[in-house]
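Respectively, the protein sequence lines represent chains Z and Y.
Our numbering applies: residue -1 is where the first sequence begins, and numbers increase by one.
Our numbering applies: residue 819 is where the second sequence begins, and numbers increase by one.
Honestly, I wouldn't trust all of these hints.
Partial pick of chain Y residues on the chain Z-facing surface, computed with a CB cut under 8 Å [what the hints assert, rightly or not]:
no.: 1; residue: I884
no.: 2; residue: Y921
no.: 3; residue: K929
Calculated from the structure, these hints are not laboratory results.
Ideal Cβ positions, reconstructed from N, Cα and C, are used throughout, including at glycine.
Residues per chain are reported as follows:
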Amino acid sequence: MMGIILIILTSLNTLFCFNLSSGRWSDATATVLFSSTMGAQNSTDLKDDKWIDLTMIALSRWTMIDGASFSVVHSTEDCGNNCAIGNNKNEFYWVAPDEPPLNIPAGALAVTFRRQFDNNMVEVDIVINKSFDHLGDSGLCIWGTPGNTNCFDFPSVVTHEIGHLFGLDHSSEDPSISVTDPRRTATMYYRLNATGPLLIPLKADDNEGMICLYPASGEPYKVAECCESYNPFDRAPGCSHAFSEKSTQSLDIGGGTAGCGSIDKVDSKGSNNTNRLFLILSVVLLPMFILLFNRFILRNIGKRT
Amino acid sequence: MSMTMVELPAGVMVNEAKSIVNGKVEAVNYEKTSNMIYTNYTFKINTDGYIKSGDINSDTINIRTIGGQVGREKLDVPGFPILSQNGEYALFLEKRGNNYDIYGANQGCLKVTKESNGDKILSPCENEYANSIYVNQASSGKVTLKGFIKKIQGYQTN
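Use the sequences and the hints to build the structure in full.
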């Protein structure tokens, strides 16, 4: 009986710590579509659907992390000229800046639109700015191939945006941190330099973020560990910054959503009220239960004798 | 952020933006169309807040940005600015139909706070997207609204 109560309380604790503020794919699966007509047409590095191949390679980087499990299915469907937000399809396509309804802002290389329902991802579209569809002169390219240095590395850009697709935020948005800091070397660092370093391959911080979000074990305990340790001063080893950095910034004393998502209340140390409830129930109910159980036994023994 | 941005040069920011204004957010509401969610801000421009007036001929304008939450559904496009109700801002704007949008997303958005001596101080809406005009000035201390306006006028060619 007591064991059952403890199991229920432990399960509750884990469940409450499971949703992410920035969203998560609840079934760890996403089907992706590309547009061959709304694609790169000028950049010799990317045209003729080469950008699609590079994007698939970028997707596979994220899905081959040891300890994480996420399935990406490449649909044979081509969204053609009908790619849009709101159709429940996860699409990759290129549009001109300021083209309605997306109106991609000036200066944006790529934008990730995430549709969520109750913090569950239902659709993510990654849209690339057509005005960067050229080689050199700050266009999108494969950086480092002969002659390609004055441009933005497409594989880095798309690998970073795909990190957002999975629900990760930035490892850091601090321009002053050391160049050797693991948050800075991560693919999910907020800044991409035109002349490198490249954001690929994925780094430890990126990997840990995926393991937190989509543990291969299929159990949410890893996520719970990250939740419990989530605060800027007490981050557990192995807990990704990309997983929790944004959340710690919005740490809200006294209520709201923070940390790993829809937690009722969060105190200044980042422990949620479910943890507190668990503690109170354990301390108060356990002795009461033992007392009642003893009285019940004694009464029954008394009756028998 | 879910947006990879390149830094827009100061001259481009100033001259490509249709208007640059200083004012307050009076109301925030969300709008869901068949496939998009938008946030509408009713923005009241201060009497001395027409830094570059463009075609604005009213003291109240509607700023419409992509993203927001309606009921349980959310369209999350980090990198697009989120303004607070009653918050004061200096904004670079572009025209979209009858509405305005923030030019350069977060690069065109600066928060305004008032110091005890009455000076209005600027800070980026998101540090990661501080625009080049601000960054330039911030290297030598606090950025006042007055100083910022002067700087903008220096870049203005239209």
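Outcome of the hint check:
The restraint placing Y/I884 at the interface with chain Z holds, with a minimum CB-CB distance near 7 Å, inside the 8 Å limit. Hint status for Y/Y921: holds, given a least beta-carbon distance of 7 Å to chain Z, under 8 Å. Taken as an interface hint, Y/K929 does not check out: its beta carbon lies about 16 Å from the nearest beta carbon of chain Z, beyond 8 Å.
Hint compliance for this structure: hint 3 is the single one not met.
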